[in-house]
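There are 2 protein chains.
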Amino acid sequence: MSLQAIRYKRGELQLLNQLLLPDRTEYDDVRTVEDGWRAIKGMKVRGAPAIAIAGCLSVGVEIANRDFCSAEELVKFVTDSLAYLVTARPTAVNMTEASTRLSKQISQRSKEGHSSKDKLKDWFLQAVQDMLDRDVEDNKTMGRYGADHILQNVGEKELTVLTHCNTGSLATAGYGTALGVIRSLHEKKAIAEVYCTETRPYNQGARLTAYELVHDNIPATLVTDSMVAALMRTKGISAVVVGADRVVANGDTANKIGTYQLAILAHHHGVPFYIAAPSTTCDLSLRTGEEIVIEQRPHKEMTHINGTRLAPEGIKCWNPAFDVTPHDLITGGIITEKGVFPPDKLETALQQLSGQDR
Amino acid sequence: MSLQAIRYKRGELQLLNQLLLPDRTEYDDVRTVEDGWRAIKGMKVRGAPAIAIAGCLSVGVEIANRDFCSAEELVKFVTDSLAYLVTARPTAVNMTEASTRLSKQISQRSKEGHSSKDKLKDWFLQAVQDMLDRDVEDNKTMGRYGADHILQNVGEKELTVLTHCNTGSLATAGYGTALGVIRSLHEKKAIAEVYCTETRPYNQGARLTAYELVHDNIPATLVTDSMVAALMRTKGISAVVVGADRVVANGDTANKIGTYQLAILAHHHGVPFYIAAPSTTCDLSLRTGEEIVIEQRPHKEMTHINGTRLAPEGIKCWNPAFDVTPHDLITGGIITEKGVFPPDKLETALQQLSGQDR
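Line by line, the protein sequences are chains A and B. According to my numbering, the first sequence is numbered sequentially starting from 1. According to my numbering, the second sequence is numbered sequentially starting from 1.
Worth flagging that the hints you see were computed from the coordinates, not collected in a lab. Among the clues, some could well be false.
Copies of the same chain look alike in the list, so a pair counts if it works inside one copy or between any two.
Simulated pairs of lysine-lysine, PhoX-like, Cα-Cα distance not exceeding 25 Å [to be verified]:
#1 K345 - K119
#2 K119 - K76
#3 K189 - K235
#4 K316 - K235
#5 K41 - K76
#6 K76 - K104
#7 K188 - K316
Put together the whole structure using the sequences plus the hints.
In structure tokens form, the structure reads like this:
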């Protein structure tokens, strides 16, 4: 059975509490927007696409089980809730994108006056269901595009691929972004070995990616974040594939802290470096990576592990959750559900393709 | 009071159990060579200079409290014990250097026939006492040379220095190698901030270096190993200074896993990269880093922390304790107690200076 971070049916939502993995597999009920906000902030659910879907579903669950006096009240509740959910983790753009899009659409429908509160509710519930379904579909498409590009670009049949953080079924509605590309390569029997980094301080690689790889029987080895250069030099790596929390117009990409240095190390060793991200992660409203706000996380994430103090009292910490990889280090390309693009061609390509979609 | 990893007087040795830091400060008695071997293997004591000193002192303690039938028996016990201690952790060269040197000297003295077993015992006990005393002295000299070179080279008065692993009082007889250079800079009031990396998987940076820096009131911030590139880009780093487990003839340097990638990241950001190591860490018998044997450590160091499982069952691990930094990335220089040398000048300089010593 494939892993599921999000269990949803109309009026019911459960999120896999990823803080307990790999030790325990527990699903927590989410009944309200507040529950959703807390699950995102506390990192029970994480990964840019999963954050957006879980956030929107939490709005869906609360409105499904609640009565509203008027269409206006419903619309206000939905738009306020979506805006509030964006504040839980500001760097990942998918929640912002979903919030802006859904708020605009529901407001427009309401203004056009042809929707009762019940119709608006049904419309919203269908929209969030579509997000959930579409994410898996897009990931599979992305996986195929990425796998084909890597196989062609690298020109080997037995690949050793490095990934960072968790971008799999646990970070999305299913299948995954960067890990989706790896799953697709594995389906094509092209994976000799996957190396996953621990991804300190939250250990998403050690706890979640390793868990997914073992679960899917993909040959995999764990390394610490400090071993990457030695690994590239002594073992050889065919390609690095990672996800993204926000890709901006010039191709600069915010992703889990440590991504920027992986890109430098890949460049130093001549290893192609790929970003895998759905087009909803691409934020063409920002020109360069300088404009991306980087979330700072609590110091305790670094000084403690499972409640045990690791670092001495009195030491200061610097704990940014993300860093920005400049576009020129993304040497392999940016893999989306619409194709694989060099960073400097991404903006034009997405604009053209989004024109075709309409 | 300054931190002490090693407490020694004739016939008595205690080692600070560094596995318990920063939580508890406990000294364990070392009464035999076997105790010494286990303390080194189990990493109660670590750091190339401290390993050599603790190992040799464990021989000293056992012979001080034990009777031998003859000079031959004593010499055999000493040389066998020293050779055995080398096997505990093979990458750090200082123990090998001390073992070879002391074995040769005690055998020669014995063969020359002018030493009784008591005189040989006294000679050995004096030799290991000298090692202990000399290490602190050499570290202070190294610290001064390094601090002066960095201040001149960087041309700033307020320095932000990054270090990796632990190379301080806890890794040596006192003061430290790379951390000795930082202590010396701090004494000159030239430190704005020290950044220390966690140093996974053993967390020597988070547990030990952070502890020493807080203890000495040196302004210091902890970062994960994955944050270094982002740190260099956003905060700016004046210099990187790390220790070494073995420096070979061409300047290639084995040090704690993660050092090689720090050197690449420093080079990418134009930050000078320094190695600080006493001349006993320099192994001119090897030509290049390719010849250095890299110790592999148990997987459990990566999959568990304080007994709690972090990574799922079934995941493979790669856990080399060290990596090799090629000499051309050591852009600042190699700091020794005899001066600071560019990597390609080290061999000649040490040979000339060792000629002068005689």
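Sort out which numbered hints this structure fails and list those numbers smallest first.
1
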